[in-house]
Each structure stands twice: as structure tokens, then as C-alpha cells.
Amino acid sequence: MELAQIRMFKTVAELGSIARAAEKLFCVPSNITARIKALEAELGVALFLREGRGLRISPAGQTFLAYAEKILALTAEAKRAVDPSSEPSGPLRIGAIESSATGRLPRLLAKFHKRYPQVALELTTGTWAQLLDDTVSHRLDGAIVAVDVERSQLKRTPMYREELLLIASTSFGPVRSIEDLQDKTVFMWPQGCPYRAALEHWLLRQGLSLPIVSLASYGAIVGCVSAGAGVALVPKGVFEQYAKGAGCVGYEFAELAAVDNLFYWHENAGVHPAREAFVAMLREEFVA
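According to full-length UniProt numbering, the residues represented by the sequence shown are 1 to 288, in order.
Treat each hint with caution, since some may be false.
Claimed, not checked - Ranges of calculated distance between the beta carbons of each label pair, as one might list FRET restraints:
#  : residue 1 : residue 2 : range
1  : Val271    : Pro174    : 48 to 58 Å
2  : Thr185    : Thr75     : 36 to 46 Å
3  : Gly52     : Thr157    : 25 to 35 Å
4  : Glu240    : Asn31     : 29 to 39 Å
5  : His201    : Ser30     : 52 to 62 Å
6  : Leu74     : Asn31     : 22 to 32 Å
7  : Glu23     : Leu210    : 44 to 54 Å
8  : Ala258    : Ala216    : 20 to 30 Å
9  : Glu267    : Arg20     : 29 to 39 Å
10 : Thr124    : Leu210    : 40 to 50 Å
11 : Ser89     : Ala66     : 25 to 35 Å
To be verified - Quick list of in silico lysine to any residue cross-link-like pairs, SDA-like style, CA-CA up to 20 Å:
#  : residue 1 : residue 2
12 : Lys79     : Leu215
13 : Lys10     : Glu98
14 : Lys155    : Val136
15 : Lys244    : Leu262
16 : Lys10     : Lys37
17 : Lys236    : Ser169
18 : Lys10     : Ile36
19 : Lys70     : Ala60
20 : Lys10     : Glu77
21 : Lys79     : Tyr116
22 : Lys79     : Glu284
23 : Lys37     : Gly16
24 : Lys24     : Glu2
25 : Lys37     : Leu25
26 : Lys111    : Ser89
27 : Lys236    : Ile178
28 : Lys244    : Gly228
29 : Lys24     : Arg35
30 : Lys236    : Gly270
31 : Lys236    : Val136
32 : Lys114    : Gly228
33 : Lys114    : Val136
34 : Lys114    : Glu284
35 : Lys37     : Gln62
36 : Lys79     : Arg7
37 : Lys155    : Lys114
38 : Lys70     : Arg93
I should point out that these hints are in silico values taken from the structure, not numbers from a laboratory.
Only a predicted model underlies this, so the values are computations on that prediction, with no experimental measurement involved.
Backbone N, C-alpha and C define an ideal beta-carbon position, used for all residues, glycine too.
Please model the complete structure; the sequences and the hints are all you need to start from.
This is how it looks when you write it as C-alpha cells:
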């Protein structure tokens, strides 16, 4: 079993095509086909199921893929470990919840790229649960989420506290208390979002029930609010980024506690100069 075979297998599994994998790896398709067949012969199982001219990963292939990702991640770690003092370079895969990617990270990402041009930074957004799963599986080098949970194989550190604002259109009229929201529609992310949970707990404590429309996009949420269709609860970073410029007003309520955003990484990730430089810049930007 060779690293080249494992890398070819992982690339085909990700792209679902030998031809596309060949383009990405700069080799001919016949070479990939031969190397994967040799790998299957060594393992004694079919890693892919051939269906006409296409193929899909087999159950055994799914199992092997998890190990392939770990092997390649450890290989990358070993290369970094021999020269830990080198300038950060190479791929850095960071995940972030949408609010962080929209509100807090744009300026930092530009600053990071300028300071470390040799780092190929990839930013992925998703739900906090998916981002942590991807970090456990080494598909991400780290993730920023708005929940503080114990997770096997992961370490975490607080980065910043995100204040929450109730936003409404400038045409909505002033919101002086929660009673001003009676019979109003609220636009929020779907269930599972920590900011939605904060809203629901707030409404429950105040004894108020409001219709909530689920939208998995801050752009759509801000658009509906700016059009006067209702209100929303958003992180202050999102409001500052573009809700304020969309004709929305932000209101603070003492009962709405700020939510910690934390950075998670794999406990066995080892030395990773690019990730460590990214975390250092996060602290530089937010913690102080």
C-alpha cells in the first residue's frame, strides 16, 4: 500500500470520477485505475462499485476512506513536524458558522492572506455539528462555532463573545420592549442554530409566542427584515457587516446574553504552523 494509491483513492471518492481525479492529480486515468485495482487486490475488497461507465464508493470503501483521511492527515503532519519553525505555508482548511464567516472573518481573512501569502486558506461554512464532525474526521484543520460542548478528540478555546441584536426595518417604528413585538413575524435560522435557541429561550421567559420563519441565509433574513416583513435576532457582527446598511435598526436587550464563539481543533493534529498562525491572529483581532 502506497501513499500515492491512498491519495488517488481519496481523490476519486471525493470527486466521484476517475477522469476528474486524473485532472486534479495531473496524471492519466489509466494510471489511477490500475493503482486503485492494485489497492483493492491488496485489501481484498472492492472500494468502488462499477455501474456502467460510472462508479460509486462501496460500503468497504466508505470505511477505508475514514482511514485514508487519517493517514494522509498524519503524513502532512509529519512533513510539518520536521520543520516546525518554517514560515506558515500549504493548505489550511477552516470551517465557520455562517454568522462568523459573514460578520467577523472577512477582514481577518484578508489580513491573514496578506501576512501569510504562502498559505492556501479554504473557508467552509456549515452547521456547528457538521463542522465539528469534519474536524474530528480531519476534513477541517479547525472550526469556529457558537457552542461550547465537550467533543471526543477535539480541543477548544474561546475566541470572542458575540452580542445579539434584535433588528427591524427603519419603517417598523421603535422597539422599546418585547411587548412591541406582539403579533410580529420573526425570521431566524432553522432549529439547531444557537442564536435561534437564544431567541426561543428569551421569548419563553417573557411568556411571548411569535411565529418564526426559518431561513438558512443571513442575506435572506436581512432582506425580509429590511422589507418590513418582520424582525430577526442576529449577531452584532452580522448587523455591522451589512444589516445596518440595509435600512435596519439594531436594538439591545439586557436579557439577551452574549454567546461565546470558540475555535475547535483535533487533539492529535500535532504541529501545524498555518493553523497556529490563524489562531494567533484570531486572538490578536478579538481577544484583546
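Verification of the hints:
A C-beta distance of roughly 54 Å is found between Val271 and Pro174, which places it inside the suggested range of 48 to 58 Å. Distance hint check for Thr185 and Thr75: the Cβ-Cβ separation is about 52 Å, which falls outside the suggested range of 36 to 46 Å. As the Cβ distance of Gly52 to Thr157 is approximately 49 Å, the hint placing it in 25 to 35 Å is violated. A beta carbon spacing of about 51 Å between Glu240 and Asn31 contradicts the range 29 to 39 Å that was offered as a hint.
In this structure, His201 and Ser30 meet the distance hint of 52 to 62 Å, their C-beta atoms being roughly 59 Å apart. For Leu74 paired with Asn31, a C-beta distance near 25 Å keeps the hint of 22 to 32 Å intact. Between Glu23 and Leu210 the C-beta distance comes to about 51 Å, which sits within the given range of 44 to 54 Å. Taken as a hint, the range 20 to 30 Å holds for the pair Ala258 and Ala216, whose Cβ atoms sit roughly 23 Å apart.
Between Glu267 and Arg20 the C-beta distance comes to about 34 Å, which sits within the given range of 29 to 39 Å. Here the CB-CB span from Thr124 to Leu210 is close to 32 Å, at odds with the stated 40 to 50 Å. At about 27 Å, the CB distance of Ser89 to Ala66 agrees with the hint of 25 to 35 Å. The straight-line distance between the Cα atoms of Lys79 and Leu215 is roughly 43 Å, outside the 20 Å bound, and the hint therefore fails.
Of the pairs offered as hints, the one joining Lys10 and Glu98 is violated, with about 27 Å between alpha carbons and a cut-off of 20 Å exceeded. For the given pair, Lys155 sits about 10 Å from Val136 by alpha-carbon distance, which is consistent with the 20 Å threshold. With a C-alpha separation of about 25 Å, the suggested pairing of Lys244 with Leu262 is violated against the 20 Å cut-off. Of the supplied pair hints, the one linking Lys10 and Lys37 holds, its CA atoms being roughly 14 Å apart against a limit of 20 Å.
The suggested pairing of Lys236 with Ser169 holds, with an alpha-carbon distance near 16 Å, which does not exceed 20 Å. Our distance criterion of 20 Å between C-alpha atoms is met by Lys10 and Ile36, whose separation comes to about 10 Å. Between Lys70 and Ala60 the alpha-carbon distance is near 16 Å, which keeps this suggested pair within the 20 Å criterion. Taking the CA atoms of Lys10 and Glu77, the gap is about 17 Å. The hint holds against a cut of 20 Å.
Between Lys79 and Tyr116 the alpha-carbon distance is near 19 Å, which keeps this suggested pair within the 20 Å criterion. Our distance criterion of 20 Å between C-alpha atoms is broken by Lys79 and Glu284, whose separation comes to about 27 Å. This hinted pair checks out: Lys37 and Gly16 have alpha carbons roughly 16 Å apart, not beyond 20 Å. A hinted pair counts as satisfied when its Cα atoms are at most 20 Å apart, and Lys24 with Glu2 qualifies at roughly 19 Å.
Restraint check for Lys37 and Leu25: the C-alpha separation of about 17 Å stays at or below 20 Å, so the hint holds. With a C-alpha separation of about 15 Å, the suggested pair Lys111 and Ser89 falls inside the 20 Å cut-off, and the hint holds. Proximity of Lys236 to Ile178 is assessed by CA-CA distance (about 19 Å); at most 20 Å being required, the pair is judged to hold. Proposed proximity of Lys244 and Gly228 is supported: the alpha carbons are some 14 Å apart, at most 20 Å.
For the proposed pair Lys24 and Arg35, the alpha carbon gap of about 16 Å is at most 20 Å, so the pair holds. The suggested pairing of Lys236 with Gly270 is violated, with an alpha-carbon distance near 34 Å, which exceeds 20 Å. Only pairs whose Cα atoms come within 20 Å are accepted, and Lys236 paired with Val136 is rejected, the gap being roughly 29 Å. The hinted pair formed by Lys114 and Gly228 fails the criterion: a straight-line CA distance of about 40 Å is larger than 20 Å.
Proximity of Lys114 to Val136 is assessed by CA-CA distance (about 29 Å); at most 20 Å being required, the pair is judged violated. Using a Cα cut-off of 20 Å, the hinted pair Lys114 and Glu284 holds, with the two alpha carbons roughly 15 Å apart. Proposed proximity of Lys37 and Gln62 is supported: the alpha carbons are some 16 Å apart, at most 20 Å. Taking the CA atoms of Lys79 and Arg7, the gap is near 16 Å; set against the 20 Å cutoff, the hint holds.
For the hint linking Lys155 to Lys114, the alpha-carbon distance of about 28 Å lies beyond 20 Å, and the restraint is violated. Proximity of Lys70 to Arg93 is assessed by CA-CA distance (about 15 Å); at most 20 Å being required, the pair is judged to hold.
Comparing the model with each earlier hint shows violations of hints 2, 3, 4, 10, 12, 13, 15, 22, 30, 31, 32, 33, 37; every other hint is respected.
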